[in-house]
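Trainee: If you read the sequences in order, they're chains A and B.
Counting with this note's numbering, you get residues 1 to 334 for the letters of the first sequence.
Counting with this note's numbering, you get residues 335 to 589 for the letters of the second sequence.
To be clear, the hints were calculated from the coordinates, so they are not data collected in a lab.
Treat the hints with caution; some may be incorrect.
So the derived list for chain B, only partly shown, Cβ under 8 Å to chain A, looks like this [to be verified]:
1) HIS368
2) ALA369
3) ARG390
4) LEU485
5) PHE511
6) MET580
7) LEU587
The structure displayed is predicted, hence computed values, not measured ones.
Glycine included, each C-beta is placed from N, C-alpha and C at the ideal position.
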Amino acid sequence: MYSQGLIGADGTTDEDEAFLQHFQSRIDAEQKIEPNDAMPEGYRRTLIRQISQHAHSEIVGMLPEGNWISRAPTLRRKAALLAKVQDEGGHGLYLYAAAETLGISREEMTEQLLTGAAKYSSIFNYPTPTWADIGAIGWLVDGAAIMNQIPLCRCSFGPYARAMIRICKEESFHQRQGYEIMLTLCSGTPEQKQLAQDSLDRWWWPSLMMFGPHDSDSTHSDQSMAWKIKRFSNDELRQKFIDATVPQAEFLGIKMPDPDLEWSEKRGSYDHGPIDWDEFWRVVKGGGKCSKDRISDRQAAWDNGAWVREAALAYADKVRARQATAAPTPVAAE
Amino acid sequence: MAQEASTTSIVTFLTRLGDDQLVLGHRLSEWCGHAPTLEEDLALANMGLDLIGQARALYTRAGELEGEGRGEDDFAYLRREVDYQNLLLVERPNGDFARTILKQFYFAAFMTPFWQGTSNSSDEALAAIAAKAVKESTYHLRHSAEWVIRLGDGTAESANRMKCAVDDLHAYTDEMFQSDALTKELAGAGVAPEPATIKVQWQASVTEIFDAANLAIPEIAWPQLGGRQGEHTEDMGHLLAELQFMQRAYPGLQW
Ligand SMILES: [Fe+2]
Ligand SMILES: [Fe+2]
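Chain A extracted, bound-state conformation (with noise of 0.2 Å):
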């Protein structure tokens, strides 16, 4: 789904400064980088931790919304939240593809999922305990992930910029079969509109969090900025999605679950209210409902289909070997 701002970020490089500079100039020009170019190695970093904590955000986002694919209301939405999941693993797949293209193996990267040394979006780590939750995930986690994603098409790296601009489509349309959801319960029955509401309730806090912390927090952001993998701050993208939101909500005709979130004629946009940093680092360290559960449905899938992986490469060397046997010979076999 997307990537929250970078944890643990290391942008230091220790190339010269001429180095620096001529990469900086190429950066400057809005001259696309691709795998082969020369980069900093703390580009390389930076980029490869991004890039798969956004593939493992898509993969482990798979989770929450599976939770509904057996028991979605209807064939048509069983069928479209099939779709909906099934494309968040392509965008892992053409993910871990551009990270690849840095110089690691999607199996390391899995390996740091499953051992916590890489993180995914936090927002993956909280329950879906209702179908409402469907709609709310759709509308507004992937709603927030469009808000970052957009600028990461013109994200300096161009594996990266080229496969966003793929996923964004695809993000749209989650969005609003999410908010079409929302819009089918709130002119249901007061029972289904209660859902709806609820469903916000758990979901508003969460999804301002998966911008990260604010600007005056974000230790990592100036170098990615300047590298152009970034383009907006955390604050910035934050108040696009609640401005964009705000109005959905009124239109669906429930209540976002911040009382001083407020028009301000001043500044042209929405007050908000604090958000609960405590609770986005408990969640991000592996304190959520769920984060317990996300990683070992993902360690049993891993170790589930191990015996799967290695088959398949046993009988491509088997079919190589045979290959090389039967290798044309100038000599008819006898």
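For this one, chain A is given, so just place chain B with the ligands on it according to the hints.
Mentor: Only chain B with the ligands this time, still in chain A's reference frame:
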């Protein structure tokens, strides 16, 4: 001269066929997010989507023909277990990947020639559904057959798991070829082929792929039948409890 099939019979037949696709599609969707590789996660979801799409088309057509205002969701969600007439094979739990892929292979090896034979059905709507479904089923057959070979001829463990899957599932394959009054009526009217006539092709596919996979075709001592009469395994009730949850918990609402 072909005898025309009654509308009721065609409706029952479309529903039965829809049940097969829905139940297997539902089973495939259970893998989503948990498959052995990311590529396979996408492939299993793809096949599930194809099958759910086929079920929707079949149920919708059944509802139109019946003319009592039932739509796809009435068929999918609002019947009793005994009213579902799917093959027992498709409702069996996924088990490990070997079982899932073998189930898919057995079914696709039947459905591919079945859809081929139905694509010139005397019922035009069904013929159109079949013409689309045959392309999808052909892919399911190729994809699952490749895995049967890869696993059967892979490692000692994968070969053993494939063998266990065959031992578990083979007894459910006979049900695909059973004739009853309904299949006879529809075959006589040129609506759909008699399932029994597909057995030769199915056996040829299974023999070819099992040979390549070093798998033996077991004798079936006691064929497992009953799905077509609504006599299901114990797994079906649990499957329906999940599938129907929302419609049962909140009756009559729009979603
Ligand atoms: Fe995504
Ligand atoms: Fe998405």
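Trainee: When the structure is checked against the list of hints, which entries are broken? Sort them ascending.
Mentor: 5
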